[in-house]
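**Student:** Could you put the whole structure together from the sequences, leaning on the hints where they help?
Residue numbers (this note's numbering), protein chains in the order written: chain A, 8 to 413; chain B, 8 to 413.
Keep in mind that the hints were calculated from the coordinates and are not lab data. Any given hint could turn out to be false.
Unchecked claim - Quick list of the computed label-pair ranges, beta carbon to beta carbon:
#	chain 1	residue 1	chain 2	residue 2	range
1	A	GLY244	B	ASP406	36 to 46 Å
2	B	GLY46	A	GLU300	30 to 40 Å
3	B	ASN271	A	ALA234	37 to 47 Å
4	A	THR226	B	ARG52	50 to 60 Å
5	B	GLU268	A	ASP230	48 to 58 Å
6	B	GLU268	A	GLU257	28 to 38 Å
The beta carbon of each residue, even a glycine, is placed where N, CA and C say it ideally should be.
2 protein chains.
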Amino acid sequence: MIPLPTGPSIFGNAVIAQSGGPTAVINQSLVGCLEELRGFAGVDRIFGARHAVSGMVSDDLIDLTDIPTATLERIANTPSSALGTSRDKPDEEYCERIFEKLAARKIHYFFYIGGNDSSDTCRIISEVARAKGHELRAFHLPKTIDNDLVMNDHTPGFGSAARFVACALMGDSLDNKALPGIKVDVIMGRHAGFLTAASVLARTPAGTGPHLIYVPEATFDLDRFIADVDRIYTREGRCVIAVSEGIHDEKGTPIAVKIAESMNTEVERDAHGNVQLSGSGALGDHLSSLIKERLGSRLRVRADTFGYLQRSFAGCVSASDAREARESGRAAARAAAEGLLEASITIRRTGNDPYAVEYVPVALSEVARKTRTLEPKYIVEGCDIAESFREYAAPLVGDLPILEAL
Amino acid sequence: MIPLPTGPSIFGNAVIAQSGGPTAVINQSLVGCLEELRGFAGVDRIFGARHAVSGMVSDDLIDLTDIPTATLERIANTPSSALGTSRDKPDEEYCERIFEKLAARKIHYFFYIGGNDSSDTCRIISEVARAKGHELRAFHLPKTIDNDLVMNDHTPGFGSAARFVACALMGDSLDNKALPGIKVDVIMGRHAGFLTAASVLARTPAGTGPHLIYVPEATFDLDRFIADVDRIYTREGRCVIAVSEGIHDEKGTPIAVKIAESMNTEVERDAHGNVQLSGSGALGDHLSSLIKERLGSRLRVRADTFGYLQRSFAGCVSASDAREARESGRAAARAAAEGLLEASITIRRTGNDPYAVEYVPVALSEVARKTRTLEPKYIVEGCDIAESFREYAAPLVGDLPILEAL
Numbered sequence: 008m009i010p011l012p013t014g015p016s017i018f019g020n021a022v023i024a025q026s027g028g029p030t031a032v033i034n035q036s037l038v039g040c041l042e043e044l045r046g047f048a049g050v051d052r053i054f055g056a057r058h059a060v061s062g063m064v065s066d067d068l069i070d071l072t073d074i075p076t077a078t079l080e081r082i083a084n085t086p087s088s089a090l091g092t093s094r095d096k097p098d099e100e101y102c103e104r105i106f107e108k109l110a111a112r113k114i115h116y117f118f119y120i121g122g123n124d125s126s127d128t129c130r131i132i133s134e135v136a137r138a139k140g141h142e143l144r145a146f147h148l149p150k151t152i153d154n155d156l157v158m159n160d161h162t163p164g165f166g167s168a169a170r171f172v173a174c175a176l177m178g179d180s181l182d183n184k185a186l187p188g189i190k191v192d193v194i195m196g197r198h199a200g201f202l203t204a205a206s207v208l209a210r211t212p213a214g215t216g217p218h219l220i221y222v223p224e225a226t227f228d229l230d231r232f233i234a235d236v237d238r239i240y241t242r243e244g245r246c247v248i249a250v251s252e253g254i255h256d257e258k259g260t261p262i263a264v265k266i267a268e269s270m271n272t273e274v275e276r277d278a279h280g281n282v283q284l285s286g287s288g289a290l291g292d293h294l295s296s297l298i299k300e301r302l303g304s305r306l307r308v309r310a311d312t313f314g315y316l317q318r319s320f321a322g323c324v325s326a327s328d329a330r331e332a333r334e335s336g337r338a339a340a341r342a343a344a345e346g347l348l349e350a351s352i353t354i355r356r357t358g359n360d361p362y363a364v365e366y367v368p369v370a371l372s373e374v375a376r377k378t379r380t381l382e383p384k385y386i387v388e389g390c391d392i393a394e395s396f397r398e399y400a401a402p403l404v405g406d407l408p409i410l411e412a413l
Numbered sequence: 008m009i010p011l012p013t014g015p016s017i018f019g020n021a022v023i024a025q026s027g028g029p030t031a032v033i034n035q036s037l038v039g040c041l042e043e044l045r046g047f048a049g050v051d052r053i054f055g056a057r058h059a060v061s062g063m064v065s066d067d068l069i070d071l072t073d074i075p076t077a078t079l080e081r082i083a084n085t086p087s088s089a090l091g092t093s094r095d096k097p098d099e100e101y102c103e104r105i106f107e108k109l110a111a112r113k114i115h116y117f118f119y120i121g122g123n124d125s126s127d128t129c130r131i132i133s134e135v136a137r138a139k140g141h142e143l144r145a146f147h148l149p150k151t152i153d154n155d156l157v158m159n160d161h162t163p164g165f166g167s168a169a170r171f172v173a174c175a176l177m178g179d180s181l182d183n184k185a186l187p188g189i190k191v192d193v194i195m196g197r198h199a200g201f202l203t204a205a206s207v208l209a210r211t212p213a214g215t216g217p218h219l220i221y222v223p224e225a226t227f228d229l230d231r232f233i234a235d236v237d238r239i240y241t242r243e244g245r246c247v248i249a250v251s252e253g254i255h256d257e258k259g260t261p262i263a264v265k266i267a268e269s270m271n272t273e274v275e276r277d278a279h280g281n282v283q284l285s286g287s288g289a290l291g292d293h294l295s296s297l298i299k300e301r302l303g304s305r306l307r308v309r310a311d312t313f314g315y316l317q318r319s320f321a322g323c324v325s326a327s328d329a330r331e332a333r334e335s336g337r338a339a340a341r342a343a344a345e346g347l348l349e350a351s352i353t354i355r356r357t358g359n360d361p362y363a364v365e366y367v368p369v370a371l372s373e374v375a376r377k378t379r380t381l382e383p384k385y386i387v388e389g390c391d392i393a394e395s396f397r398e399y400a401a402p403l404v405g406d407l408p409i410l411e412a413l
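**Tutor:** In structure tokens, the structure reads:
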């Protein structure tokens, strides 16, 4: 592990920003960081930057220092990024402009809540500031429903999104049992299949679906897929399928991109080069058409794409996820108070019975730009997820509804 | 109102079945009916028919009489139809076969939980039995997320689905505020826009979306739609749109059907002649493409289709909806105990402050095959829903999360 240098006490202002895709608990981290910073003598005013780096570069900051506690509590319980977010990827010149604005505001503490692209942005801004001789202590607070940050047992935001996926598939599996057919459910996850894997939590004695689970860590073969569906449908008279939006062929080309190309649809990319996968039902619809084409046009085949609902749904929050998001915000503020020059606040699991975690600061470069994927031990024959994943994920999603069948 | 004739006490068995689309609370009605029937001396055994009329015609019944109370309570709290369901529409010959099976089982009480197609099935079976000289007392327990049954203030199932829509749009509106763009959300509703209208409940001071709401009760004009989106986007820099799956052109042709035809996709119909609208993202994707085509290909436009999630999601249940579904099941059993020959159990609102309802039995023919649609007073200029709909819907969905913005 890279050692974390500390520095002398400095006194100045702080800025907090939220980046990347919103989650149901990202405001818990914001509030956790803010409330802890208010008790730290090294910090004077605490600002929030609107729309991440965009607000930092345009000096679109709001003063968060004196927001009443009751208001903060409501903000913490509100889904999606209260400060707004952005997917901009700052280059060197952009970072210099940010640094100038921060220096002018006497900001010496920078807290960035986001995923792996965001941890890299955090690292770059901190390095540019240092090179210009402005001390900026930079802290990354992990957040991603994809759960794809290295060095973390799991990341805030994942538990609540996984809870949504589990609750959706619990209901959908019973819906499919009541009115049998073939059902495709497309779940977020570009490179990491954790969220799709969480669909195993939906399996109960009352409803046994999903029967098939496909994650981006395994190559997706269309012929194999059809054979899998045929086998389950023949045996069960129904089939519920959970599919990651990021499934790809043996060359790594996302199936969603292949569909878009075959339909002559332009493929949209963000500043990080990521192809747009969410916000369209095309992948699910394509798989659904394919099943009908290959297994019979009279089959009842349906597809749903969970889309943005899974990351921002109001009222489907995991209690442990909310608590940990809050705590990781507090841990970041404490790391600053202890004199650390930089850190990404990782979550480590220290126990399962009872479930317990600790918050460990690590160097930004240990997390930045790296992508964690689902461990191979959880992937069963490319079309299922091992029950052992349930042990991993269950404490993260909180108590699920207890279902009973006739 | 058609008078409801009563008859002398008869002693026999009862059957309960669930029909049409599942809901989050349809098992509450099953359990309510069952628990009340267990205290009624006129009924011996209480059967459940698997998959609605299919189970009745094939004698696929299970004995529900002695299920322990704790198990029943868990079943009541489980989404989707525990007995299974069907969309078969029985013709005369099918009904004769059902009647024979019921007569052989000494069944004199028939309870059918379903929507308006189901209330008609209930009526037909009851009439065939009567014509054959077999007394079958038939009771319809309303259930539909579409809320489209006449004579009812609202129907069990609607409140929970409306709660899902409100929670989804609360989160999605904040997601869109955090990462601005244009977002299309497609909501269930073939002819009735109640569920889509419930998206007004998502409007809070924290997030003002949806900005536009389109229901099937108003003609959907594509040019007008684009102009509406342009106007909101120009003003707000973002736009969240709630659209019923059943939106149609001035001739009544669903936009979803026009898209399918333009793509040479076969249109699927059920036994009642209804075109498949759910289980595909095509409508949302089409509207999203159209917005890009007309307003700019570089706009961030996304679409989500709520699909089956909105009717069976585990853990997003309205407390008042669950209570009323249970009570309407009990009311049906009481109507049988009181000697009524038939009834549909309607819900009437008797007060708003405090909110209160009563359960009123009416003749099957008053409800069967009729479709209620959203009252014109709620539709604002074809692209919005009046705030007064909030007063109507709020008590039905239960307390919603309290959101706060920065």
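**Student:** So, for every hint listed, does it hold in this structure?
**Tutor:** Hints versus structure:
1. A:GLY244 x B:ASP406: 36 to 46 Å: Since GLY244 of chain A and ASP406 of chain B have Cβ atoms about 40 Å apart, the given range 36 to 46 Å holds.
2. B:GLY46 x A:GLU300: 30 to 40 Å: 54 Å, violated
3. B:ASN271 x A:ALA234: 37 to 47 Å: This hint is violated: roughly 27 Å between Cβ atoms.
4. A:THR226 x B:ARG52: 50 to 60 Å: Since THR226 of chain A and ARG52 of chain B have Cβ atoms about 54 Å apart, the given range 50 to 60 Å holds.
5. B:GLU268 x A:ASP230: 48 to 58 Å: Because 30 Å falls outside the window, the suggested range is violated.
6. B:GLU268 x A:GLU257: 28 to 38 Å: 36 Å, holds
Going down the numbered hints, you'll see the structure goes against 2, 3, 5, while the others check out.
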